[in-house]
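These protein sequences, in sequence, are chains A and B.
The first sequence begins at 1 in this note's numbering and counts up by one.
The second sequence begins at 1 in this note's numbering and counts up by one.
Since the hints were derived computationally from the structure, they do not count as laboratory data.
Some clues are possibly wrong.
Label-pair restraints from in silico Cβ distances [unchecked claim]:
id: 1; chain 1: A; residue 1: 171; chain 2: B; residue 2: 153; range: 37 to 43 angstroms
id: 2; chain 1: A; residue 1: 89; chain 2: B; residue 2: 64; range: 55 to 61 angstroms
id: 3; chain 1: A; residue 1: 224; chain 2: B; residue 2: 92; range: 56 to 62 angstroms
id: 4; chain 1: A; residue 1: 292; chain 2: B; residue 2: 224; range: 35 to 41 angstroms
id: 5; chain 1: B; residue 1: 224; chain 2: A; residue 2: 289; range: 38 to 44 angstroms
id: 6; chain 1: A; residue 1: 292; chain 2: B; residue 2: 98; range: 28 to 34 angstroms
Beyond 12 angstroms from chain B on every Cβ pair, some chain A residues (computed) [said to hold, decoys possible]:
id: 7; residue: 34
id: 8; residue: 40
id: 9; residue: 62
id: 10; residue: 64
id: 11; residue: 76
id: 12; residue: 137
id: 13; residue: 168
id: 14; residue: 173
id: 15; residue: 180
id: 16; residue: 204
id: 17; residue: 243
id: 18; residue: 273
id: 19; residue: 303
Distance condition first, Cα-Cα at most 20 angstroms in a straight line; then the derived EDC-like pairs of lysine to aspartate or glutamate [claimed, not checked]:
id: 20; chain 1: B; residue 1: 7; chain 2: A; residue 2: 154
id: 21; chain 1: A; residue 1: 75; chain 2: A; residue 2: 100
id: 22; chain 1: A; residue 1: 276; chain 2: A; residue 2: 100
id: 23; chain 1: B; residue 1: 124; chain 2: A; residue 2: 307
id: 24; chain 1: A; residue 1: 224; chain 2: A; residue 2: 204
id: 25; chain 1: A; residue 1: 51; chain 2: A; residue 2: 272
id: 26; chain 1: A; residue 1: 276; chain 2: A; residue 2: 82
id: 27; chain 1: B; residue 1: 80; chain 2: B; residue 2: 56
id: 28; chain 1: B; residue 1: 7; chain 2: A; residue 2: 22
id: 29; chain 1: A; residue 1: 224; chain 2: A; residue 2: 206
id: 30; chain 1: B; residue 1: 7; chain 2: A; residue 2: 146
As the structure is a prediction and not an experimental result, all values here were calculated from the model.
Glycine included, C-beta positions come from ideal geometry on N, C-alpha and C.
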Amino acid sequence: MDETSVSAAALGELPDELFEHDESARVDADRMTRPSLTYWSDAWRRFRENKVAMVSAALLVIIILFAIFQPMLSKYAYDDIDYFAINQGPTSKHVFGTDELGRDIFVRCWKGARVSLLIAFVVAILNGTIGILYGGISGYLGGAADNLMMRFCEIIESIPQMLWVVLLILIMKPGVFPIIIAIGATGWIGMARLFRGQVFQLKETEFVMASRTMGAGSFWIIIKHLLPNAMSPIIISMANVIPGAIFSEAFLSYIGLGVPLPTASWGVLASDGANKLLTYPYQLFFPAMLICITMLCFNLMGDGLRDALDPRMRQ
Amino acid sequence: MLKYTLKRFLSMLVTLFLVATVTFFLIHAIPGQPFEITRETPESVKAALYAKYGLDKPLLQQYFIYMKNLLHGDFGMSMKYKGQSVAGEVTSGMPVSAVIGFGGVLIGCLIGSVLGAIAALKNKGVVDYVVIVLAILGVSVPNFVFGSLIQRVFAVQLKWFPIQGWKGARYAVLPIMAASFTNIAFYARMLRTSMLDVMGQDYIYTAQSKGLTQGEIVRRHMLRNSFLPLVTSLGPMCAGVLTGNFVIEKIFNVPGIGQSMILAIQNFDYTMILGLTIIFAFISIVCYFMVDIVYGIVDPRIRVAK
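Bound conformation, chain B alone (with noise of 0.2 angstroms):
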């Protein structure tokens, strides 16, 4: 397991250095100076700006040098807005996104997971055929098109939940619910599907012919192994959650880092682009990692095929 763990973690940090390096020189690759100044601005304001931001060096310096900043942790400063660190803009963002993506993750996994156990139980059921249809329809309607429906009709017309803003927690509760719309619909179909491919196996009928009640074969062998492929779906899941959650922020004008993401790539802010790509594929990495580690305590065969 040791040594598992040690060679995911090394890889790691090569995906993580290659991904920067790739970042760093796909933004510099923009076509346009940073700084498209339309008033008539003196050469000497020009040169002082590139010379703050380094941008008078050649791109392999700067490249080092930002290499070296990452090292410390520094992802370098917006260049729209004075004083603004993508650090800061990521320590400010990330709770409030945290709080919708959990939130939505947590009431999507718990209702999907409960309606897919059901309607694969009752197999051709009535909950089976709601589960067939919201699964569908958790695919085909695009989240903006439901985020701004659930604000029309509950925000503007019932009027029972403010219609955007982040003061509280009932500000929370509309980007919440938009958010575990389509985790419903993902979770109760992947959990239909491997609950259906569990009952077939041999272990259940072994189970049943020990003489086990319904109940406990479905609770002690069942939901177990059908759980399983929830694990994997674990690493981008939390990857979503800690990148924010772009379209849901902005609809309900929630400050969290998707938002600034967005604000960025409309100002053409590049630094705080580059940071907070740097940072999202940061997250994204480690929590890959994460799960595979998880992965290799849950099941000792991955140990041995990697």
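Only chain A is shown next, with the shape it has when bound in the complex (with noise of 0.2 angstroms):
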């Protein structure tokens, strides 16, 4: 006999009266003490805690509100010409001085800031779009029709973007609109890889099946389940498009392709004041510097998003 039937029987002689059921545990045995955290509210928590990125948005918000109310509020127009008050440096009167024409910079910088980060953020919503259906429908179909889809990439690809923005402007003639378009049209690849690649993932895994089962059509399971699914790596990577776009939309001012006159954006601002570096550097040091604030805050921002976003890609 071993001990385990002895204790059994050892126990078998006290009586079932000793013993009541405790129905408190019972009842509360699973409950969930603590409301569960969705995907993103975890997210949000984890991007709260990076002081970095938090500062980075709201130095962000800061510009973006500046950029909205400044234009209106100054008592200053952009294209106010003063002749008594050319090429002043910093003053109380103009904040960031004035330039050749006698215009406060202060209000131009402004106002270059609503084109630039209007073509930014315009850029970035096209790029993303044009990218998750292109690379949905690549990834999805798969296949022959897949393999077409990506060779027309590579031939996209295989001139540097903006050799394709350059030519597509010389069409449309400068303006912001045609920025608009040639970044955006030019700029999807990317986009295009990654989603595509996330559809390759996601598209053998069982709710997928499921949903197919049941009678979901492609474009339904394309956007209800695998989008959803793939939105982490598709926001950090426009979190990046966007300073890119900055970057574009300066690059084309200064090879003179830019917004036309008398529109001032920060490509526009910056490449004026680099032709005026050695007379006038304030022209060229008040929007430089807001430019590489902001793109400093869009890319710590960004650091932050995919830290937050996709925890194991932190390091």
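Combine both chains into one complex, guided by the hints.
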């Protein structure tokens, strides 16, 4: 005879009345004591803890607010010419000084911020949309169609993007809208590649199969199931598109394909300022400073987003 | 390997052909007449100009003539400057661009790799933070801002180097410095990331358990594997080197190929833009092709996959 049966026999001598059911324990056994965290609230919590990213995000909000409201509230318009105040350095009347036509650089900087940020955001959305559609279709169809569509991407990619942009802008004539179209139409390849890769991984999963079994169409599956699951790499990559677009706009202005006069953009202001670097350095300094701060914020916030949305990527 | 190379070569030819075709029709889609002459011009002069550049022929015929010329290595003549050919512009500008480009990449790659490696090995050390800041600054400061800055400091204030132009080795210092700035940031960040990745791999533990010294592990296992992603970046990099650095060439007034392109764009010199674009595209496509081949040699898995 072994020990267990001995103790069982001993227990058997205890009368049942000595035991009672703990009702409270049974009811609460699998109740959640805290609200369950969704993926997004978890990501938001991680993002909030990242001080650098939060400061960057706050600065960006301030910059955007200034871009929206400063030109409305300023007593100068961005194209007000004042021949009695030409090329003045920063004064109390003109915080950032004036340019060669006596225009207030402070208001021009914020007017420029509007144009540059508008270009950047619309380009990011355009790139995202085209890339997701193209990559989604290509990845979902697979096989020969996928092969053909990716070959097309390779051909577009084989030329530096800026050359395509320059060609397209020459066709459409320089302006805000053509710049958006040109950068938007050529910069989506990366996004398409990324989403296609995600689709390839996700389309074999059980929940997609379940949805298909219930009769869901391809479009529904891509939009409803694949897209939300691939959202974090998409957001991260879109956050990287924005500084890139600001760069591209500045570059285009620098080679003379920027927004037409008298519109201001950061690129126009910086390239005008660069020409007067030796005589009036402050005219480059202020726009350049704004560009740098904005880029810095977008990059740091992008890194923060990456760490928050994809903790595995953190180093 | 031969089959892979052949396949890649054929697809490169197809890409070259398609790119040339698309570029040709895009340039011809630019609205307006190629010769915007403000003065009163006799019809006969206009007709003669059009005939000279073959613009009086139907578009499709122009296309075939252009493609035939391309096969013979004739990329066309400038529309604005008499007697200036696209090929001539490229042969005179390319070496200058290459000096700046290769200089920038070489210095950037060297300094960047060293910084990145140290940053990864001494994770969370001083160098690590320097590299992180540098990497962020490298992508946050536009290169024309940085270029103008060093021009002001080293040429105007300190007078160490000439402000602009291209008359000797001293003129190359500042442009190369400007070009290496983004590269340093890029390579430092890249090597740091890939090195940190490699450091966590199992074969590093194996090497440690074999009793190799830290120096030997770094040299024989970490560095070798960390440099693999660098090979992928070689393609765009080489292409960028040869197609010139538009902004830096403009700031320092260097007669490179990028400067030619900017001039052509500002003058609406259509034949020049067309020719230069196609040459730029050819250079990048050939560079990508060569990198693919190199990668196929370095990493056999890629050959099998394609």
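For each hint, the structure was consulted:
no.	hint	in the structure
1	A/171 / B/153: 37 to 43 angstroms	40 angstroms, holds
2	A/89 / B/64: 55 to 61 angstroms	60 angstroms, holds
3	A/224 / B/92: 56 to 62 angstroms	58 angstroms, holds
4	A/292 / B/224: 35 to 41 angstroms	37 angstroms, holds
5	B/224 / A/289: 38 to 44 angstroms	42 angstroms, holds
6	A/292 / B/98: 28 to 34 angstroms	30 angstroms, holds
7	34	33 angstroms, holds
8	40	26 angstroms, holds
9	62	17 angstroms, holds
10	64	18 angstroms, holds
11	76	25 angstroms, holds
12	137	21 angstroms, holds
13	168	8 angstroms, violated
14	173	8 angstroms, violated
15	180	18 angstroms, holds
16	204	19 angstroms, holds
17	243	7 angstroms, violated
18	273	8 angstroms, violated
19	303	8 angstroms, violated
20	B/7 / A/154	15 angstroms, holds
21	A/75 / A/100	19 angstroms, holds
22	A/276 / A/100	10 angstroms, holds
23	B/124 / A/307	17 angstroms, holds
24	A/224 / A/204	15 angstroms, holds
25	A/51 / A/272	36 angstroms, violated
26	A/276 / A/82	19 angstroms, holds
27	B/80 / B/56	18 angstroms, holds
28	B/7 / A/22	75 angstroms, violated
29	A/224 / A/206	14 angstroms, holds
30	B/7 / A/146	19 angstroms, holds
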